[in-house]
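Undergrad: Each chain, written out:
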Amino acid sequence: SQTIHQWPATLVQPVGSPLSLECTVEGTSNPNLYWYRQAAGRGLQLLFYSIGIGQISSEVPQNLSASRPQDRQFILSSKKLLLSDSGFYLCAIVRGSKNTEAFFGQGTRLTVV
Amino acid sequence: GENVEQHPSTLSVQEGDSAVIKCTYSDSASNYFPWYKQELGKRPQLIIDIRSNVGEKKDQRIAVTLNKTAKHFSLHITETQPEDSAVYFCAASRARNQFYFGTGTSLTVIP
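Protein chains in written order, with the numbering used here: chain A, 1181 to 1293; chain B, 12 to 122.
Just so you know, the hints here were simulated from the structure itself, not pulled from any lab data.
What you were told as hints is all true, and nothing was included just to trick you.
No farther apart than 25 Å at their CA atoms in a straight line, the calculated lysine to any residue pairs in the SDA-like style are these: (1) Lys68/B - Thr114/B; (2) Lys53/B - Ser1257/A; (3) Lys48/B - Gln1182/A; (4) Lys48/B - Glu1239/A; (5) Lys48/B - Ser1181/A; (6) Lys48/B - Thr1204/A; (7) Lys48/B - Ser1266/A; (8) Lys53/B - Val1293/A; (9) Lys68/B - Ser37/B; (10) Lys48/B - Arg62/B; (11) Lys68/B - Thr1280/A.
For reference, chain B alone in the conformation it holds in the complex:
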């Protein structure tokens, strides 16, 4: 099966700075890469995604990049705010039936 690795496991940034989370995957057939945000005690929720035919996607302060050759993708959050503090998960999917998640990154934005 697919193996998704995610780094770092914890990340602290000052408010206003940028945060970058990186993931790698093993299955070259994976073609869909979503990112989820999980606030404390709540369920993970989709925040942005990217497909294999696109190299970069942006939504306001959040952007994702994908390098299919190297099998890695990244989440970039600019101008971080305290409400960005949460656990972020990357995932890889190829069949739309199965999602394989990374181990999560706990992001803390320091006011």
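The shape of chain A in the complex, shown without the other chains:
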């Protein structure tokens, strides 16, 4: 079965510092990978998705970027964090016999101070 590893679980970073969140997937090959952010009152916002190595689509223009250096590795980055980047970041894949279930990792809670 597929598993998603996200780390770290929690992170406190000062404004202006860089960010790197990593997501790795096991139990599947060539998955579609997604980064979501959950901020207060805004639900689950799709940030980036990737259908293959080096292929990244951005849903919302922002201070963040994503990369997929390997088939099952998805990285979310920022050069300079803003206060508004605080939130709960979730990596996800699509799984199921019909590829219809969005399956989430445990998430990283980022607080920018």
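On the provided structure of chain A, position chain B as indicated by the hints.
TA: Just chain B now, with coordinates in the frame of chain A:
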């Protein structure tokens, strides 16, 4: 892109009563509508889903309805229990590659 709206943002019900959460979507090409439950501090998990060729689906105390003409769908929880307390998200998808979520409903079941 797709725009999914969800109401209410918060909902409190007495244990045993029913809870209804409603969502609307904008993209008529969306054909898959899952619902997720997120307990405090945990990841969202799929609880039920419905496809565009079905008007209603039920799984024990949970049911979903879909009105494609009006572009809205709803989650119904009957005989609510304290363990139903969580944040619920609706979502819409058309390409199986992208899921667009509503803003969530925080449900509290009062014992």
